[in-house]
Each structure stands twice: as C-alpha cells, then as structure tokens.
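S.K.: With chain A fixed as given, assemble chains B and C onto it according to the hints.
Residues per chain are reported as follows:
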Amino acid sequence: MYSTKYVKPNSTSEALEAIKSLNEGKFLAGGMTLIPTLKQRLASPDGLVDISGCKLDSISDEGETLRIGAMSRHVSVAESAVVKKVIPALAKLAEGIGDRQVRNRGTLGGSVANNDPSACYPSAVLALKATVHTNNRSLAANDFFTGMFETALEEDEIIESISFSKPINANYIKFPNPASRYAMVGVFVAQFDDGVRVAVTGAGEGGVFRHEEMESALSSNFSADSLKSINIASDGLISDLHASSEYRANLIKEMTKRAVA
Amino acid sequence: MEIKNSYELPLSKERVWAALNDEEFLKRSIPWCEKLERRSETELAAEVKLKIGPMSTRFTGNITLSDIDPPNGYTITGSGKGGIAGAASGSAKVKLLENKDASSTTLSYEVSAQVKGKIAQLGSRLIQSTAKKLSKNFFGSFVKQLEDMDKPQ
Amino acid sequence: MSEGIGASVLRKEDKKFLTGKGRYTDDINRSGQTHAYFVRSDVAHANIKSIDTKAASAASGVVAVYTGEDVAADGIGGPICGWVVPCRDGSPTKEPPHPILANGKVRYVGDHVAVVIAETLAQAKSAAELVEVEFEELPAVVDLESASSSAEIHKEVPDNCYFDWELGDEASTDKALESASRVVKLQVKNNRLVPNAMEPRAALAEYDDVSESYTLHTTSQNPQLTRLVIAAFMFQIPESKLRVVAPDVGGGFGSKIYVYAEEAVCTWASKKINRPIKWTADRTQAFLSDAHGRDHINNVQLALDDNNKIIGLRVDTICNLGSYLSAFAVSVPTYLHGTLLSGVYDIPAIYTNVKGMATTTAPVDAYRGAGRPEATYLLERTMDAAAREVGMDPTEFRRLNFIPKDAFPYQTQVALQYDTGDYEPQLDQAMEMIDYKNFENRRSEAAKRGMYRGIGVSTYIEACGIAPSAVAGALGSRVGLYESASVRVDPTGTITVFTGAHSHGQGHATTFAQIVSEKLGVPLANVDLIHGDSEKNSFGMGTYGSRSLAVGGAALVKALDKVIEKSKKIAAHLMEASVEDVEFNEGKFAIAGTDKEKAFGEIALAAYVPHNYPHETLEPGLEESAFYDPLNFTYPSGAHIAEVEVDPATGVVEVVDWAACDDFGNLINPMIVEGQVHGGIAQGIGQALLENAHYDENGQLLTASYMDYCMPRADDLPSFKVGYTNTPCTHNDLGVKGCGEAGAIASPPAIINAVIDALSPLGITDMSMPATPLKVWKAIQDSQSVAAE
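Residue numbers (our numbering), protein chains in the order written: chain A, 1 to 261; chain B, 1 to 153; chain C, 1 to 789.
So here's chain A without its partners, still in its complex pose (with noise of 0.2 Å):
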C-alpha cells in the first residue's frame, strides 16, 4: 500500500466535503475490494474517507418496501429478523457473500458501488425493483447499473441506503466459482404482483442484467417448466478460465430453474 491520508467522517455531508479536499479520493465502505487493491499497489488515492461512521445502517421496514442503509454489512442483513421476515431471500444472499471475515466488514453499499460482474447484491437491487437513495437523488435500479464496474453514481456521490420492494416471493441461486466463491452465475429470481424479475449477475460482460425472455415466461407461469423452450444467447456473457460463455449460459438457465423450483 502506498501511503494515502485515511479520514473518517459522522454525517455524509462531512464525507462529501472530505472528498471535494482530495484530487483522487476514493470512499472507504466495508474495503473489502478497496484494501485489497490498495495492498497490491494497483491503486493509489490520496485519501480514504470512511464512512462507517456516517450512520448509514439502519434496516427498517418502510411498509411498500425494506429501506437497507448502505453501510450495513452482510452479517447485519443475513441475521436482520427484519430482512428474514420480510425478503428472506435477501438474507440468504446476504449470508452467502464471502466468507464470515468478509460478511462481518462488506457493505451493502460497497458492493452495489463497485459493481463487480460477479457480486451478489446487484442482481438483488436489479431484481427487487431497488431504488438507490444517494446523497442527492434517487435512482431506480434499472439506470443506475451502466456496465462492468460501471454505474450512475458520480465520483463525489453516496449511496445512503437502498430500498427494496417486497416481493411475493424470491430467491436466489448462486453458482460459485469453485475458486474465490464469487458468483460465477447468481440468479435472483422476484415475483410480483404485476410479473417477475430476473437479474443474473456473474456472467454478464456489462455486468448484472436482467433476462427479459425468462421473465415474461415466469410472470406467466411462474415454474420451472416454463422455462424449457428458452434459449440463452452466450453473445456477451464472460469468458474465463473457469467458464465459457456457453456454460455460463447454461448456468443462468439451470440456476433460474433452481430458483422457481
């Protein structure tokens, strides 16, 4: 790690001042893809503004939806009687992030910033029909991922909490990857009132997407029968040395499947 100042701030309006003092700031959430890095050189901000202390982890039950602060880490979220009342699958996803370490440091907001192809929580927000609550705006979950480690937010801009629309029913499959047990595909299936949501995460090159044809084929009929005439198209889904995008794309139906079933 190069050395870089580390600031920790009470309320978000102090964090965004913190981070307009610094060319290349970068916010600390759970740091748990930041510390990493940072260890290995690859990046080099020249200061940390952790927000762990701007009372951002709160869990409550707004009624419509669940409101989840951005700042509360995986083991909050897993063990949350809330969450577990209310979208169990949310916590299911939740505890199977990582490993304990890393479930008692990671972020829900961490997470959804960095966008990682392959994290878990994307494809929750994508497919509980989330709207992220910033600083400064809301965003519906469906404009505020824009690619591989890509989303809406600006460089000086918090997440707060994300609020999550209680499904009928939901669930999540993950398939690891074998070696860093990060989704090599998750599938996060939500049914409504008005249809289902289908968010892959894991596989996609833009990383999380949602697969529509699967959809309409659940909203009409919600089994997993109703998935063996569809077809998934490997076109842009992630090759490596673990999975071709044909495989991957068997996964996304197979584990689709897992989720309805």
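Simulated from the structure, these hints should not be mistaken for laboratory data.
Glycine residues also receive a C-beta, built at the ideal position from the N, C-alpha and C atoms.
Don't take every hint at face value.
[Stated by the list, open to error] Result set (DMTMM-like, lysine to aspartate or glutamate): computed pairs, CA atoms no more than 20 Å apart in a straight line:
hint, chain 1, residue 1, chain 2, residue 2
1, B, Lys-4, A, Asp-240
2, C, Lys-309, C, Asp-422
3, A, Lys-257, C, Asp-422
4, B, Lys-51, A, Asp-46
5, B, Lys-51, A, Glu-95
6, A, Lys-39, C, Asp-282
7, B, Lys-51, A, Asp-156
8, C, Lys-15, C, Asp-27
9, B, Lys-81, C, Glu-134
10, B, Lys-95, B, Glu-23
[To be verified] Looking from chain B toward chain C, a few residues come up when the C-beta cut is under 8 Å (computed):
hint, residue
11, Ala-87
12, Ala-113
13, Gln-114
14, Lys-116
15, Ala-120
16, Gln-121
17, Ser-124
18, Arg-125
M.R.: The following block gives chains B and C in isolation, referenced to the frame of chain A:
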C-alpha cells in the same frame, strides 16, 4: 482470445481511412487517453489512465500502425507499461470494406490482447471482458465521432 | 503404557499453534533489521539489456540495491542439483547455472532480477518500482509437447531437454507388446500444482562481524542441508560459519525442501550491509516462485495376454521441470516415478523413458508424493481402462494381477524390491467399508434423482524413507539419506530428543515423544523435541518423502537402545548384579529373580551425580546419539475407493463417500496418521477436481491468487472412512512405513476413475484433471452431440 466486431458507416472508405490516420480523432477515441503525440508516420506516444473497478493505473507506451494498406486498413497496436500493475498490449486489425453502392463503408476489427505481470496474475477473470469493453469503447467512439461530424450542422 | 506407541494422544504442539503462539520466521525480529523486496521479471523469457538502479538507490530509506552483477562479482554460486541421472545416450543431466539474481537473462515470470533493501518494507517496495529493467523479449516456452523445438532457454540445454532417461528392459517390453493379445493405450496428463503451504516462504538473515558468522532463520524442511548447500556450494565459506534455523514452519509439502534464491540473497547481503535482513513472500510471490509440482504427460501401453494377465508395460513420459533445475527435480520423474511403475502388480516386463524438459515457467520439483502420485495416477487410470476394455470389474482385474502374498520379497522389473505386502485384504476391507457390492443400487437411486453416480478404485504402492544411501548414491543422489537422533537425559530423568528430521505439521513433538515414552517408560510430558537448528541438532536430512518416522524414528530407537544399554550397566552396578541379569520394563530396571529394582529416574540421577558409579568402565552422564541408514525403502500400500455424484446440469462432481484402507506398518499415533491420511486425500481431491496452475501462451501465470487457483475446502470433502491393514516393515525397529504422502498418491486416480465410471452410461471414457464443472459439463454436452449424430 478472439474479439471481433463491425460497424457500418454512411461514409466513403477514403473518409473513414483519413479519420483512422488522424491523431486527434484517435486521441478522442482512445478511452481515458491523457496524452497522444505523433513520433513518426507510424508511431505515436500515448498515456492512458485506465480504471477498472477499484484499480486505477496509468499506462505509458506507444501506439504503432503497421500492415498499412491505404485505404483498406491497417493494424493498430497499443502497448503500455503500467508500473507495478504490469503491462498490457492490444492489437486491432482494422479492415474497411466499401459497400456495393459506395455510399457506405463497413469497418471491421479483430482484436487480440495480452497482459503481463500483476494484472495477469490477479485479474485473469477480467482480461477478456476488459479487452472487449475497451475495443468497443475505442471503435464505438471513433464511429460516433464520424457520424456526428457527418450530421448536417 | 497409555502414552506410548499406538496411543492416539493429543498433539503436544497443538496448544501453541491453536492459540496463535507458533513462532515462525516472520515473527522473529532483530534490532536494526532491514527489509528486502525482490524486483521480479514480469516477462517469461528475455535478455536483460540493462538494469538502472540509480533512482531506486537514491530513494527514501533504501540501504542497498543489488543485481546479478553484484552477486557474480562476489563469486556467489546458485543452488545446486541434489540428484542427477545419466541420459540414454550416456551423457549426463544438463545442469545450467541457476544464478540467485538473474545474470543477463530471465527465464520465467517471477525470476529474480534485483533486490532492494530498505529500512521498511514499504520503502523497499516503492524503490523496487524505480528499478528500470530493459528487456529484449524472447519467445516463451510453455507447451510441454513442443518444448524441444521451441526457443532455446539455456545454451547448456540443447533442445530444452535436461535429461532423457530410461529404466527397465525395452526389448522384452516391446516384445510383450508385440505378442500381447491386447494392448491398452492411454495418454494421461498430470496437472501442474502450486504447493500453497499456509505459511509463505520467509528468511531472516544476519551477520555477526565479531564471530564472522551468519545466522539464517528460514522456512525450511531441512535446515541442515540448506546450511551445507549455501555454505559449501554457493558461498564457499566454512560450514561452521553459517547457522541455519528453521523454527516453526507452517507446512511445506515439498516446496520448502530446496534452497531458494531469496534466502541466499538475504544471507549474502546481510554481510555486505552488516545488518539483519528480513524477507517474507506474499501470496502472489509464493505462486510465482515456489517450486511447483507434477506437470507430466504420460503415454502408456499395457500388454495383456489371453487371460487378461498383464505381460508388459511401457510408459513414455515427458515432464515439465521449468526454467531451472531445482534441487530434487531430476529425481522426481525418474527414480521416484519410474521405479514405482510396477505398482502392486506382478508385471514381468516394464520399460519407461522420461524426458525432463525446460520451459519458461517456475521450476518444478517434489510436491507431496513426488513422482509416486504421477506413477500411481497413470497406472491406476490404465488399470481401469484395461478392465473396461476386457469387460471385467476393475477390482477383479486388479486382483488377477496383484503380486501374490507369497511372492514377497518381490523384485520388480524397475529396480525396487518390496519387502512385505498383502494387497487383497486391503481391497477387501475398503470394498467392505464402502459397501461396494451394493453400489449399483446406489447408482440407480441417484439416477432417479437425475444424478450420475460412479465408483472408482485405486490400489497403490509407494516407496518411502528414500533408500539406503549407497543405493541412492548409485542412482544419482548427491546426498546421503540417513537420519540422526540424540537423546539427552537430564539428571532428574526428563529427556530432550534432538532429531535431524523437521516437523512442519507432522506432529513429531508428539510421535517422537511417544517412542521415547514407550521405550523408557517415562511420561510424555517429560519428553521434549528439538529440531531444525543446525547449532543444536546433529547433521540430518530433514523431512520429506514420508521419511521422518521410518528413518528418523528408527535412528531415535537406536539412540534409545544405547541409553538403555548404558542405564542397565549403571543399574547393575547400583544393585550389585550382573548386567545380563538386568531387565528393563516400563521404566524400571529389575534384577531377574529378585525384588530389587531401580526406576529410570534413579539411574539418570546416578549418571549425573556419580558418587556410587562404575567409573572404571563407564563415563558419567546419559546422552546418546545414533545415525540410521535404512536398509531399503519402506513400501506402504493401500486401496482407496471414491464414490462421486455428477450433476449433469452443471457438471459439478461431488465426492460423496470415501474408503481408504492403508498399510503403513505399525502406527505410532493413529490419530495423527488419520490426520495425515485426511490431509493427503484432501490434496488429492484438490488435484483431481480443483487445482491447476495455468500459464498462458506468453508464460504469464493466470492463476496466481486464490481468485483463480482453487484450493480444496472442507465443504469439497466427504467424511472419510479410514481403515488399516498391517504388514510391519521388516527392516526398521519400529516396523513403520510412513503415511504422509499416501493420501495424495492414492486419491487422484480413484476420483477420476469414479467420474469416468459415473459418466460411462454416456459413453465417456476419459477425463483429465482437474475435472472442473466446466470440463465435465462440456464432456457431457459433447457426448450428447455425438449420440445425436
């Protein structure tokens, strides 16, 4: 690793070829290009600041043009050193094909990429996606510039 | 005695390890200590045109920057080969120079180009970024099969071939192949592995200009040998002027046998700057520069007669030894591989040819099992392929070809003579443990769930304790393979054992103490073990090849026998009896036919407070040493049976059951043995299903972190059923054979055989390691498209 794509442009082949050899055009097309200076007919010095997720590295290196076959195409190769991150190079074979009525040209490219050092050791899962994304950005913005220029003001 | 031989006592060393109080090399610090960081090549193959260290030398905190030129100027040599073999054409193994800092050329990604020594590690790293290296790149040599016609890596190694070696009788083997009623042909690949010890390599080197001597703390499996090699061969200094200590070491699996560049550079530089130097590898450096394991391609031909009896075996192997010859790289694919090709089978004609190739990848050397897993894999895969071809159950085909029980000692056609063994009962027991006879029911039940279930057998043999020194020497070893032990009895009867073996996970502090407890009748708590310090321990050969107990334990018994012999003389004097009448049992010396007895502690006291003592015939004190050179290898064997389920939708292979029945001879601590078996199988499952070191065509290691290199985890493993048979080793006093590597040797073919068995309904007859979900899924897809055609 094989990355191929093509675009159809409502322009003559000569026009596209001229743009392919215009360094201002290239500079605006290279994602995150901070510096581009012509060193010779076929060589340009470049500095690019590449951001992939949390990684942010400045690559310094060269862009060379080879297999030049005006106005049918060339090979454009960029290679740069990213200090501790390692090194990366990408090579695109660009071909221009005039369509039958001469009113449009198809630009096709085939990219091969190579990475060295830490980025290869730690980021292998991202190599192909990144190479695809960068080539798409490059050719996408090149084509867009051409199209924009061609629009009546 | 409940704490003696055969007792599953808890490990004495675990308290410190489990409470985080192990004392590893990196835990040790010295005042005035500096930190080293190595500038490594990020290209696989290149001439070094220039190295500019000016900016780095001037950087903040930098104490020194050295390159290969500085090393050469001081006449410092590189690590040597510990074993060489003659080639078929009579020429010797080609041994190119192995400079500790590259001199003119780099030959793999990770090769050491320069070292930066600074006040802090961060300063050393930052300065390392300022070292400007200009490379003239040369073509990488990665593909093993085309390596001989690729770019020259060393001018001393024509065709990139370090050696071309053979063993066995080619004429009689080829005759058997010609006359066979059936020849089973198979090509198998043994995938390349990265050892991944939990503790990465580290060194702390210091020089004392008063005594003019060096001290090196390092992560070594054999510190005495490290001392010999660095002092005598690399530095050419008196051996007594270098102390090497390997304190607690967190695993080795072979990778810490060898002398590496880093510890040698630190030791050399510690004198130049006259300050201690610390170096610790990070995980990526470990991936890049630890010696890797395996990486063979084997072409096998097995000749059968009309009765399905094996009449001949020919194996042509090419193996990847990487960019430089590591210490025991040559022995692994030759005398630790070719000699095992008879397995547990009676094969009348065997011939093998092995070509050891240079490539621009990290050096390859011994990794848990070292040559024997490769031999077992190709043989056990072939046995299954043959059984399938002739339509026999794989267990029946094996039985038909086992060396019969009454054939021991059995002379193989590949140099070894097995002393004991009895293979059918092992197979019977393993089959019983896994309920082999009802397997087809389980297969059908799984099929109803849409899963393909398969069962796979591996009946293996290995050779441990690596040979009598004279034999090893005749086969090309440049070192002896004996072991040393000293037993120091204190006046109060407590005991310290000094061994030349080294414990880095094996539990010697417990097992060696159990031997002492058994022999002397003293409590385990009274016995301590000192190992790994050249200043304290006698010269020894360290730990690898499952040799510690079979050789080091046997040396300990010899030293203990000397202690008992002397104690009897003291007891005889004290009890005024004749030595012949003294009996020693459970810690007491008694005079036969009387009620006179003396406890061991009383004898110890008399030896050190010799007021009433036979001074005329005996020296005071009670401390004895022994060296033991084994009479033969030991030959553990066993049967492992794996049961797997393959999910055709995802290609995931789940290991659902495992039975292992091994013959390790006598067991000192069954709990520790079981742990060794578990660990070995886990590593074998890693090789068979998960692990693979992948270099791209440019020689870049793409699996250099746990993001891409897949280690086995607890949830990849079933609960193992472990059982034993016992034919005690006939030539060591403990009757032990060694158990450290068996699991890693036996398991890979059992799994792959099980996967192929599972997929056999689809017509699939081959699967390479690692059988990843992608590979298995693709094989299933391809079989279905073939079926559709």
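S.K.: None of the hints should be skipped; say for each whether it holds.
M.R.: Tested hints:
1. About 17 Å separates the Cα atoms of B/Lys-4 and A/Asp-240, which keeps this hinted pair within 20 Å; it holds.
2. Of the supplied pair hints, the one linking C/Lys-309 and C/Asp-422 holds, its CA atoms being roughly 19 Å apart against a limit of 20 Å.
3. For the hint pairing A/Lys-257 with C/Asp-422, the CA-to-CA distance comes to about 51 Å; that exceeds 20 Å, so the pair is violated.
4. The hinted pair formed by B/Lys-51 and A/Asp-46 meets the criterion: a straight-line CA distance of about 16 Å does not exceed 20 Å.
5. At most 20 Å may separate the alpha-carbon atoms for a hinted pair to count; B/Lys-51 and A/Glu-95 exceed this at roughly 30 Å.
6. Among the hinted pairs, A/Lys-39 with C/Asp-282 is consistent with the structure: their alpha-carbon atoms are about 11 Å apart, no more than 20 Å.
7. Proximity of B/Lys-51 to A/Asp-156 is assessed by CA-CA distance (about 16 Å); at most 20 Å being required, the pair is judged to hold.
8. Taking the CA atoms of C/Lys-15 and C/Asp-27, the gap is about 17 Å. The hint holds against a cut of 20 Å.
9. A threshold of 20 Å between alpha carbons decides the hint, and for B/Lys-81 with C/Glu-134 the separation of about 12 Å falls inside it, so the pair holds.
10. At roughly 18 Å between alpha-carbon atoms, B/Lys-95 and B/Glu-23 fall within 20 Å of each other, so this suggested pair holds.
11. Taken as an interface hint, B/Ala-87 checks out: its beta carbon lies about 7 Å from the nearest beta carbon of chain C, inside 8 Å.
12. Checking B/Ala-113 against chain C by beta carbon gives a least distance of about 11 Å; that is not within 8 Å, so the hint is violated.
13. Interface hint at B/Gln-114: satisfied, since its Cβ lies 6 Å from the closest Cβ of chain C, which is below the 8 Å cut-off.
14. About 5 Å separates the beta-carbon of B/Lys-116 from the nearest beta-carbon of chain C, less than 8 Å, and the hint is met.
15. Among the interface hints, the one on B/Ala-120 holds; its C-beta lies about 4 Å from the nearest C-beta in chain C, closer than the 8 Å criterion.
16. Annotation: interface hint on B/Gln-121 holds; nearest CB of chain C at approximately 3 Å, less than 8 Å.
17. For the restraint placing B/Ser-124 at the interface with chain C, the shortest Cβ-Cβ distance is roughly 4 Å, inside the 8 Å limit, so the hint holds.
18. Restraint check, B/Arg-125 versus chain C: the minimum CB separation of about 7 Å is within 8 Å; hint holds.
In the structure shown, a violation is registered for the earlier hints numbered 3, 5 and 12, in ascending order.
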